[in-house]
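Chemist: Chain by chain, the residues:
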Amino acid sequence: MSLRHLWAVTRKEIQHIIRDRSTLVIVFLTPFLLLFVFAYSLTVEIKHVPIAVLDFDRSETSRQFVQRITAGDDLELYAQVAALEEIEDLLLRGKIKAALIIHPDFSRQVLSGSGMPMQIIIDGTEPESGAFALDNMASRAEEFIENIFADQLVALSVPAEALKPIDLRISTWYNPSLKPRVDLIPGLISMVLGLPALSVALTLAHEREHGTLEQLMATPIGRTELLVGKMLPYIFVGMINAIIIPTFAIVWFRIPFNGNFFLFLGLTAIFLFAILAMGIIIGVFMRTQAAALAVSFLLIFFPGFFLTGIFFPIAAMPEIMRLESLGLPGTHYAIITRGLFLTGVGLDVLWPYSVMLFGLGLAFVGVAALFFKKKLG
Amino acid sequence: MKSNGIAALAQDLVKRFGDFTAVAGMNFEVYRGEIFGFLGPNGSGKTTTIRMALGLLTPTSGSVEVLGVPVDGNTHALRPRIGYMSQRFSLYNDLSVLQNLQFYGRAYGLSNHELKEGVEDALVLAGLEGREKVKTHELSGGWRQRLALGAAILHEPEILFLDEPTAGVDPLSRRDFWDLLYGLIEKNITVFVTTHYMDEAEHCHRLAFIQSGSRIVYGSPAEIKEEVMPGQVLELAPSDTGKTIQVLREASDRLKIDEVELYGSLVHVFGPQMEDKLDAIINTLRDAGHDPGQASLVEPSLEDVFIASIK
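As you go down the protein sequences, you meet chains A and B in turn.
Each step along the first sequence adds one to the number in the working numbering, with nothing skipped, and position 301 is 301.
If you count the second sequence from 1, you need to add 1000 to reach the working numbering.
Keep in mind the hints are simulated off the structure, nothing from the lab.
One or more of the hints may lead you astray.
Facing chain A, according to a computed beta carbon distance under 10 Å, are these residues of chain B, among others [stated by the list, open to error]:
| no. | residue |
| --- | --- |
| 1 | L1056 |
| 2 | F1089 |
| 3 | K1135 |
For every residue, glycine included, the Cβ atom is placed at its ideal position computed from N, Cα and C.
Given the sequences, and given the hints that come with them, work out the whole structure.
Modeler: This is the structure:
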C-alpha cells in the first residue's frame, strides 16, 4: 500500500465532501435529526388514554371506583355508556383505547370482601395503550380494595401494615429514574454514528455511474488503496460526530456518561472502520447511487435498527437472527456505548466486542477488495 | 515509424460476454511515435479492445502487449507508463480544474515538484491558465475534453489511449484537439485513438477500421486506398442524384462499375480503371435523359473506402 496513493484518494474525497452540500448535510445533520426523532418518538410516556365505562352497578362504591381510576393523568374518562354496543362503536372509531364494564354485583361483592367483578376490554390493535390501561386499572383496583379494607381495619383497630405480608422493594441499577430514554439514547447514538456508511457507499457508486471509476482503475492506485482512501475521510467525519453527538446528548437529554470518553472515541474509530467497510461492500456491488442507497437502508439501517438489540432484545430473536446480529458492527458497538454511558465499564469488559468489531472490519474490507476487481470484468 | 519499435501489439485478441462476441480475433501493431486510429461504428468493440490493452478486462483468448510488456494479471508496473482518457472524459465535475489535475498527478505518484510542473504544463496545453479555480462542470465540452487530455498526460506517459475523445464535441474543437494530438507526437507520446468520425481517419498515421469486433481494413490511409480502391473515383454533380444513382446501378454490369453511392450532394462511382469508363457512363446518363453535370476523377476518401469495404 502506497501512502502517496492513499493520500491522493483521501484528499480528493475530502474535497468532494466540502464541495457537496448534500454530503455535508447527510453526514452532519442527519444523525442529529434521527437522534431527536427517535429519542422523542420512542420514549414519549403514555398519558391521557381515553376509556369508556359501562356501569351496571350504579352504586356509590362503583362511582368512587371510577373516580379513582380516572383521577390521575393516565386514564381519561371519554364516556359513560349504557350498552355494550356503544363500547364496540367507540373502540372501532378509535375514540377509546379501553373500556371498563362494572358488574351489577360490584358493590356487594367488594364490600363483603368476596371479589371485584368487572371486565376490562382493551383495543388489541394498539397494544401499547391497551396494556397500559389494563395495568393501570389493575393497580388502581388493588389500591381501591386496600383502602376500603384499611378503612374497615381502622374501624376494627388493626394497623394497616398488617395487611402486607411481603414487602417488595424494587431497586433499579444504572438507570435509576427509569426514564426510558436513558437506556435508549446510547443505543441510538451508536446507530446514528454509523450513518457515514451510507455516504461511502454512495461515493463509490457515484464513481461507477460517472465513469470515473474506470479511469481510476487505469491509474497505479490499487484496489485496497482506493477503498481505504475513500473510507478515511468518513472515519474522520465520524469522529467529529462522535464528539459532538454524545456531548449534545449528555447536555440535552441529561444522560450519564460513566465510562472513559477516550476509550469511547477509540472504540468508535474501530466501529466506524467496520461499518464503513460494510458501506464499501455495498458500493462495490451496486452500479447506481439509487441502488446503493436502497441497499444501504436494507442492509445497514433496518438491521441496525431491528437486529442490533437497540430496541429489541437479541435474546428474544430466533437463532438465525441472533447469528446475523453477530455479523453486524452495530450489535457490538451498541453494547460498547451502553456500557460506557450507563455502567461505566472499561476495556477489561469490552475487549471481546472491540476485537469482534475490528475483525468484522478487516473481513469486510477483504471481501470488498476481492469482489471489486471481478465486478469491473 | 516501424523502426522506432512497437508500442502496442494485439494478437488474435478475443473477448466474449456470454454469447456476445465483442472482439473477434483482433490483430494490430502500433508503432512508437505514431497516431494510430481505431475506427468503427458504436458498439464495434473499440472500447472493449482498449480496456483489454489497459488490463481492465481480461481477454477470453489471444494476447495484447503494451510497451513490450504482456498485459495480463499484473499491470501495476506498466500503469505509470500509460495514459488513458476514457470515453466520458472522466473528470470530477464538482471539483475545480486544479483539483482534478492535482488528483490525477498524485494518483500517478508524482512528487510535489513534478506535480507542480505537470499541472502547469497541462494548464498550458488545455489553455486553461488563470481558470484553475473554475469548477469543471462550468466548462464547455471542448474545454473539458482538453482538460481531460491534460490530466491524462500529466505523468508523461509513453503511450496514450484515447477512447472517443471527440465524441459530442463541436467540429471546431475537434480540429483543435487533433492539433493537440500532433503536439503530443512531438513529445514522443504514441497515441492510440478511437473514433467513429470518418473524417478523423485521414488525420491518423495508420489505422484499423473495425466492424462487429473484427478488423476490416488496416494500414496507412494511402495504403488502404491503394489496397481497397486501386482505381479512382468518378465524381458527378448531377441535378437529380436519386435518378442518376438508379440509372447507373441498373447499368452497373454493362459498365463494369462496382458501386454507385451518394456523397453529400454528389454521386461517387467506384470501379477499376474509371478513366476508361468516363465516356460510357456519361453517355448512359444522357441516353436516359439525365444531365450528369460536372464529372471529374478524384482520389477516393477514406469514407469511400470504408463504404466499399463494408459491402
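Chemist: Now, for every hint given, state plainly whether the structure supports it.
Modeler: Against the structure, the hints come out as follows:
{"no.": "1", "hint": "L1056", "in the structure": "holds, 6 Å"}
{"no.": "2", "hint": "F1089", "in the structure": "holds, 8 Å"}
{"no.": "3", "hint": "K1135", "in the structure": "holds, 8 Å"}
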